[in-house]
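So you can see what is in the structure, the chains are spelled out below.
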Amino acid sequence: MNIHLSDDWLMRKAKIEGKTSVGAGHPPIESVDQQKPKTKMTLPASSTDKLVCEEAQTLDDSAPGIDAQSKQ
Amino acid sequence: MSAFTSIKLFHHDSSSLKPAELYADLSKLDVTTAELSWQPYIEKKIKSLESAGTSQDDWPEHLHWDWSQLRRDTQSKLAHQWYGIKCDGKWQGLMVLETALHRARIGADKGKHLVYINYLASAPWNLAEFVEAPVYGLIGTIFVRVAIELSFNLEFKGRIGLHALTQSEGFYRDICGMTDVGPGQEYSQSKLRYFEMTKDQAEDFVREEKQ
Numbered sequence: 079m080n081i082h083l084s085d086d087w088l089m090r091k092a093k094i095e096g097k098t099s100v101g102a103g104h105p106p107i108e109s110v111d112q113q114k115p116k117t118k119m120t121l122p123a124s125s126t127d128k129l130v131c132e133e134a135q136t137l138d139d140s141a142p143g144i145d146a147q148s149k150q
Numbered sequence: 037m038s039a040f041t042s043i044k045l046f047h048h049d050s051s052s053l054k055p056a057e058l059y060a061d062l063s064k065l066d067v068t069t070a071e072l073s074w075q076p077y078i079e080k081k082i083k084s085l086e087s088a089g090t091s092q093d094d095w096p097e098h099l100h101w102d103w104s105q106l107r108r109d110t111q112s113k114l115a116h117q118w119y120g121i122k123c124d125g126k127w128q129g130l131m132v133l134e135t136a137l138h139r140a141r142i143g144a145d146k147g148k149h150l151v152y153i154n155y156l157a158s159a160p161w162n163l164a165e166f167v168e169a170p171v172y173g174l175i176g177t178i179f180v181r182v183a184i185e186l187s188f189n190l191e192f193k194g195r196i197g198l199h200a201l202t203q204s205e206g207f208y209r210d211i212c213g214m215t216d217v218g219p220g221q222e223y224s225q226s227k228l229r230y231f232e233m234t235k236d237q238a239e240d241f242v243r244e245e246k247q
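Taken in sequence, the protein lines are chains P and U.
Take the position in the first sequence, starting the count at 1, then add 78; the result is the number in the working numbering.
Take the position in the second sequence, starting the count at 1, then add 36; the result is the number in the working numbering.
Please keep in mind that the hints were generated in silico from the structure rather than gathered at the bench.
Just so we're clear, the structure is a prediction, and the values are computed from it rather than from any experiment.
Just so it is clear, CB atoms sit at the ideal spot from N, CA and C, and this is done for glycine as well.
Each hint should be verified, as a subset may be incorrect.
[Stated by the list, open to error] Restraint ranges, calculated between C-beta atoms of paired labels, are given here:
| # | chain 1 | residue 1 | chain 2 | residue 2 | range |
| --- | --- | --- | --- | --- | --- |
| 1 | U | S91 | P | D85 | 39 to 49 angstroms |
| 2 | U | T90 | P | K97 | 19 to 29 angstroms |
| 3 | U | R243 | P | K97 | 35 to 45 angstroms |
| 4 | U | S91 | P | D86 | 43 to 53 angstroms |
| 5 | U | R108 | P | D86 | 33 to 43 angstroms |
| 6 | P | D85 | U | E191 | 21 to 31 angstroms |
| 7 | P | D85 | U | K126 | 18 to 28 angstroms |
[What the hints assert, rightly or not] Subject to a maximum C-alpha distance of 30 angstroms in a straight line, what follows is the list of computed DSS-like cross-link-like pairs (lysine-lysine):
| # | chain 1 | residue 1 | chain 2 | residue 2 |
| --- | --- | --- | --- | --- |
| 8 | U | K122 | P | K97 |
| 9 | U | K235 | P | K93 |
| 10 | U | K193 | P | K93 |
| 11 | P | K93 | U | K54 |
| 12 | P | K97 | U | K113 |
| 13 | U | K44 | P | K97 |
| 14 | P | K97 | U | K81 |
| 15 | U | K113 | P | K93 |
| 16 | U | K64 | P | K93 |
| 17 | U | K148 | P | K97 |
| 18 | P | K93 | U | K126 |
[What the hints assert, rightly or not] Heads up, incomplete: computed chain U residues facing chain P, CB under 8 angstroms, no partners named:
| # | residue |
| --- | --- |
| 19 | T41 |
| 20 | A60 |
| 21 | Y155 |
| 22 | G173 |
| 23 | G206 |
Build out the structure end to end from the sequences listed, making use of the hints.
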């Protein structure tokens with residue numbers, strides 16, 4: 079990235095900025111939850127050797143079958 | 037860590053500009069190094085807030101940020117770009133940009149892509165809420181300029197957006213000339229306000245460089 083900032087501009091900005099606090103962001107945990115699709119891995123009761131991975135609207139521990147949850 | 041761009045920071049004590057470097061594509065080691073050097077100041081601040089009985093709701097938001105975790109969360113995502121400013125051999129600031137998920141909310145370009153500043157922080161020794169005499173200034177201004185430049189490069193016409201930390205709202209509104217759009221809706225538990233820079237505001241910000 080080529081950025082050429084003149085000393086004049088930087089000094090003007092520095093005078094305006096003073097010792098004002100800078101910072102931006104958002105709650106990390108919530109953002110990670112938003113970006114990762116929620117998936118649910120289910121081992122059907124009728125099968126012991128087949129894993130089914132499906133996208134789930136909600137994660138419901140009370141669903142039948144042996145469930146394993148993953149954030150991936 | 038990739039090749040750097042030469043920039044300058046404002047040294048408060050001498051009221052002069054000091055040479056610094058802007059790096060892109062920070063490595064895990066870069067982020068961990070920054071975090072470790074910042075940690076003592078953050079821990080000291082947390083202890084002082086605890087002894088003063090300040091409610092955690094009133095603590096600066098960035099006290100809780102886990103930069104190494106953020107680096108892991110974003111390492112496989114092409115839409116995230118890490119930047120850092122180094123001076124005196126120390127990381128003076130970090131910024132994470134996101135270029136795919138967010139859209140403009142205001143102005144004629146509403147709904148179009150923008151560069152979203154996911155995280156931006158200056159080292160605690162540069163912030164008045166951590167130390168009596170902050171060392172360097174212009175970190176925020178230069179990072180905002182970098183975000184605008186990336187927005188131009190991606191043909192987003194300079195549009196950028198961010199959620200400002202409460203103590204930094206004045207910086208984005210009054211110094212950067214961004215629009216205070218209001219409380220961020222997507223982070224419902226947060227009190228952070230969303231700020232956006234339109235195409236025209238970005239052009240004004242850049243035009244000032246040539247005056």
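Is U/K64 within 30 angstroms of P/K93, Cα to Cα? violated, 34 angstroms
Hint check: U/K44 vs P/K97, CA-CA at most 30 angstroms. Holds or violated? holds, 16 angstroms
Quick check: does the Cβ-Cβ distance between P/D85 and U/K126 fall within 18 to 28 angstroms? Holds: the Cβ-Cβ distance is about 22 angstroms, inside 18 to 28 angstroms.
Checking one constraint from the list: CA of U/K148 to CA of P/K97, max 30 angstroms. Satisfied? violated, 34 angstroms
Can the restraint linking P/K97 and U/K81 be considered satisfied, given a maximum Cα separation of 30 angstroms? holds, 18 angstroms
The hint says 21 to 31 angstroms between P/D85 and U/E191; measuring C-beta to C-beta, is that right? Since the Cβ atoms of P/D85 and U/E191 sit about 30 angstroms apart, the hinted range of 21 to 31 angstroms holds.
Are the Cα atoms of U/K113 and P/K93 separated by 30 angstroms or less? violated, 37 angstroms
Distance restraint hint 35 to 45 angstroms, applied to the beta-carbon atoms of U/R243 and P/K97: violated, 26 angstroms
For the range 43 to 53 angstroms, tell me whether the beta carbons of U/S91 and P/D86 fit it or not. This hint holds: roughly 44 angstroms between Cβ atoms.
Straight-line Cα separation of P/K97 and U/K113 no greater than 30 angstroms? Judged against 30 angstroms, a Cα distance of about 34 angstroms means the pair is violated.
Answer holds if the nearest beta-carbon of chain P is closer than 8 angstroms to that of U/T41; otherwise answer violated. holds, 6 angstroms
Taking 19 to 29 angstroms as the hint, is the beta-carbon distance of U/T90 and P/K97 inside that range? holds, 21 angstroms
When the structure is compared with the earlier hints, violations turn up for hints 3, 12, 15, 16, 17 and for no others.
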